[in-house]
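Fit chain B to the given chain A structure using the hints.
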Amino acid sequence: MYRIVRKKPLNPTVTQMEIEAPLIARKAKPGQFIILRVDADGERIPLTVAGTNPEEGTVKIIFQIVGATTECLNHKEEGGFLEDFAGPLGTPTKSDGIRKVCIVGGGVGCAIAMPVAEEFHRLGAEVTSIIGFRSKDLLILEDEFRACSDRLIVMTDDGSYARAGNVTVPLKEMLEAGKRFDEIVTIGPLVMMKFVTAAAKPFGVPVTVSMNPIMIDGTGMCGGCRITLVDEEGKRTTKFACVDGPDFNGYEIDFDEAMSRGRMYAEFERHAYEEACSLFRKA
Amino acid sequence: MPIDPKKHEMPTQAPAERAHNFREVALGYSEEVAVAEASRCLNCKNSPCVTGCPVNIAIPDFIARMKERDFEGAYQIIAKSSSLPAVCGRVCPQETQCECQCTLGKKFEPVGIGRLERFAADWHNAHAEEKAVPPAPNGRRVAVVGSGPSGLTCAGDLAKKGYAVTVYEALHTAGGVLVYGIPEFRLPKSIVAREVETLRELGVDIETNVIIGKTLTVDELFDMGFEAVFIGSGAGLPNFMNIPGEAYKGVYSANEFLTRSNLMKAYLDDPKTPIMKGGRVAVVGGGNVAMDAARTALRLGAEHVYIVYRRSMEELPARREEVEHAEEEGIDFRLLCNPVEILGYENPENPRDPKNGFVTGMKCIRMELGEPDASGRRRPVEIPGSEFTLDVDAVVMAIGTSPNPLIKNTTDGLEVNRRGGIIVNEDGLTSREGVYAGGDAVTGAATVISAMGAGKVAARAIDEALSK
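Protein sequence lines, in the order shown, are assigned to chains A and B.
The numbering of the first sequence is our numbering, which starts it at 1 and goes up by one.
The numbering of the second sequence is our numbering, which starts it at 1001 and goes up by one.
Since the hints were made in silico from the structure, they are not lab data.
Careful, some of the hints might be misleading.
Unchecked claim - In silico negatives: residues of chain A with every beta carbon more than 10 Å from chain B:
id : residue
1  : N11
2  : D41
3  : G42
4  : V154
What the hints assert, rightly or not - In silico DSSO-like cross-links for lysine-lysine, where the CA-CA straight-line distance does not exceed 30 Å:
id : chain 1 : residue 1 : chain 2 : residue 2
5  : A       : K235      : A       : K94
6  : B       : K1161     : A       : K282
7  : B       : K1408     : A       : K94
8  : B       : K1106     : B       : K1131
9  : B       : K1161     : B       : K1007
10 : B       : K1408     : A       : K235
11 : B       : K1131     : B       : K1189
12 : B       : K1067     : B       : K1107
13 : A       : K76       : A       : K201
14 : A       : K179      : A       : K29
15 : B       : K1272     : A       : K239
16 : A       : K239      : B       : K1265
17 : B       : K1131     : B       : K1067
18 : A       : K239      : B       : K1363
19 : A       : K29       : A       : K282
20 : B       : K1131     : B       : K1007
21 : A       : K172      : A       : K76
22 : B       : K1067     : B       : K1106
23 : B       : K1265     : A       : K76
24 : A       : K239      : B       : K1277
25 : A       : K8        : B       : K1272
26 : B       : K1355     : A       : K194
27 : B       : K1131     : B       : K1080
28 : A       : K29       : B       : K1277
29 : B       : K1355     : A       : K239
30 : A       : K7        : B       : K1272
31 : A       : K76       : B       : K1272
32 : B       : K1106     : A       : K235
33 : A       : K282      : B       : K1265
34 : A       : K136      : A       : K8
35 : A       : K235      : B       : K1355
36 : A       : K29       : A       : K194
37 : B       : K1067     : B       : K1080
38 : A       : K282      : A       : K239
39 : A       : K100      : A       : K136
40 : B       : K1131     : A       : K239
Where a beta carbon is used, it is the ideal one built from N, C-alpha and C, also for glycine.
Only chain A is shown next, with the shape it has when bound in the complex:
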């Protein structure tokens, strides 16, 4: 069992928790993830590590309530326990030789982008961060990003806060104005990462994307998280996000396939979510 040391809502649908898991806290690096089960009969879900405190032995996770499991997770309180918490899984985001980086985060993906931005900042790289949200009330981690970014641009789709529009708008502007990055690291909805990659392509800037496919074990056993990479000659290669990723070269990802695979259990998940919600309403 793994104790919830702290819990804090970041916005109405996004919650931050710090979980007691000393072995993982000592090891986890930005870009890696954990697998958790809320209860003994629960499903295993992957969540990217949003920070660690090795001295205290805690691991920070930030999750959006999108389905039955995250709904159940959000009903756990400080001092309560999670059934299982395993990791760190996947490979850390590579940072070698990158002096100028642009971090592009979307929605709850910003929770994963933030420790990556912090790591680059710590290593002395010049960090430009673009973070986007649907609207003002979904905004998270603005102060944290500001603290580790040389430049921060906040976008909202509906213009209810900061600049209106999506994250590719300022990215394109900067690239067109001659701004150069060694790397763009983008984390968020697949469709956003697809368009960030497309925006960067004409300028030849390397793009790292963080994939978040459906997973079960997370240790390279089930193959459910497979991703297709397509190289310049059109050769297709299957990779497993859990052991080969979750970071990949954005130019090689078959995003449309990944989006389709992500919807495999959409119907089941919608039902389960509705049931979980009505269960908690009754309780």
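Relative to chain A, chain B alone:
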């Protein structure tokens, strides 16, 4: 009294009934039948059956006890050699091991050794009151990576000698393939849990949710004071065929399909983990895993289940009994066939059509057997122009696995072969001092009992090395 030429039949749930539930298929012998079957043993001089057993159980001795109705005595003899008797009695391929060596088998059907082993183990589990007693500790610590058949065996053998053993398991439940892979109807999970509990009683510490190679490395285990490490991390990444369409929704690896059903209990009525139920399913492959996947699909409510295998019935590597059970249950064997493409639904008019990207069929080609290949089996060759399509909603690829890279990548000096399997000597010792390995992590996908055999060999070698 003349010897009955046939083995006593194993009572089973009727095929029509069991095809729709997850309860155990084989029901086990009664006491009377067990004694009668034991009486078929000739107790021949040279006991060839023992040499056929990867863990060398004293088979004639335990059978002799059963003839005298001393079932606990029989169990104790088995338990000296095997840490998991109730498991082996159910999942060992006896027909290629102990039973194929049986002297009686030269003329008649061999003694049903596996069925007797199962009976003795079940009898013990139902009647034994006392708990296993941990021996006096010898003050030495050994770490075991993975709680599957090889790891549990190695841990059990060392614990019985007084070692303080910690088993690290990556998943949330101990048992490895016995829990995530082999379905309830073939190996009830309560039996695995019971065997794991016995190890705990012997003093074995089992730590779940620890991924060696990630949470801790092999080197850190030595730093923590372990004097030897046994790696029994299992098979690893599932193989796919690399044919078009394998990314369509509804294409599973057998590992994923079985893990969803077994470990994550997607077969229950109100599961938290989803799985595709119903429809028409094709399982590609001919091993035990393929049989398990096909029969699981059937029990999940599939209308029709195919096994697609590129060789013929003769080469089918699955345990004979599983093939027979699958046939009785109505699994449709399409032999000498190989998939060439998986077909999926695409609606060009509506990219948001929810059916887009789901499997609709599998294109196959017929095969014939040519000259024997390196493995000695006749090589299947495509018959040009013989393509045909099976209408299916899901495809399960049960064509083997490749070793997991996590430990290799984080352990300096650990040598692996071309295929990624850890290289060991006859004692299970790897290229690293104090690091031993066995089971699928070494051999690639093989059987439960061969993994147990490897765990046993390594336990003996570790004990010898640490006793010097």
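Each hint, compared with the structure:
no.: 1; hint: N11; result: 26 Å, holds
no.: 2; hint: D41; result: 6 Å, violated
no.: 3; hint: G42; result: 5 Å, violated
no.: 4; hint: V154; result: 30 Å, holds
no.: 5; hint: K235/A to K94/A; result: 24 Å, holds
no.: 6; hint: K1161/B to K282/A; result: 55 Å, violated
no.: 7; hint: K1408/B to K94/A; result: 20 Å, holds
no.: 8; hint: K1106/B to K1131/B; result: 41 Å, violated
no.: 9; hint: K1161/B to K1007/B; result: 38 Å, violated
no.: 10; hint: K1408/B to K235/A; result: 27 Å, holds
no.: 11; hint: K1131/B to K1189/B; result: 20 Å, holds
no.: 12; hint: K1067/B to K1107/B; result: 22 Å, holds
no.: 13; hint: K76/A to K201/A; result: 43 Å, violated
no.: 14; hint: K179/A to K29/A; result: 28 Å, holds
no.: 15; hint: K1272/B to K239/A; result: 26 Å, holds
no.: 16; hint: K239/A to K1265/B; result: 26 Å, holds
no.: 17; hint: K1131/B to K1067/B; result: 26 Å, holds
no.: 18; hint: K239/A to K1363/B; result: 24 Å, holds
no.: 19; hint: K29/A to K282/A; result: 40 Å, violated
no.: 20; hint: K1131/B to K1007/B; result: 34 Å, violated
no.: 21; hint: K172/A to K76/A; result: 42 Å, violated
no.: 22; hint: K1067/B to K1106/B; result: 22 Å, holds
no.: 23; hint: K1265/B to K76/A; result: 23 Å, holds
no.: 24; hint: K239/A to K1277/B; result: 26 Å, holds
no.: 25; hint: K8/A to K1272/B; result: 26 Å, holds
no.: 26; hint: K1355/B to K194/A; result: 22 Å, holds
no.: 27; hint: K1131/B to K1080/B; result: 16 Å, holds
no.: 28; hint: K29/A to K1277/B; result: 38 Å, violated
no.: 29; hint: K1355/B to K239/A; result: 25 Å, holds
no.: 30; hint: K7/A to K1272/B; result: 24 Å, holds
no.: 31; hint: K76/A to K1272/B; result: 17 Å, holds
no.: 32; hint: K1106/B to K235/A; result: 55 Å, violated
no.: 33; hint: K282/A to K1265/B; result: 26 Å, holds
no.: 34; hint: K136/A to K8/A; result: 18 Å, holds
no.: 35; hint: K235/A to K1355/B; result: 27 Å, holds
no.: 36; hint: K29/A to K194/A; result: 25 Å, holds
no.: 37; hint: K1067/B to K1080/B; result: 19 Å, holds
no.: 38; hint: K282/A to K239/A; result: 43 Å, violated
no.: 39; hint: K100/A to K136/A; result: 28 Å, holds
no.: 40; hint: K1131/B to K239/A; result: 47 Å, violated
Hint violations for this structure: numbers 2, 3, 6, 8, 9, 13, 19, 20, 21, 28, 32, 38 and 40, all remaining hints satisfied.
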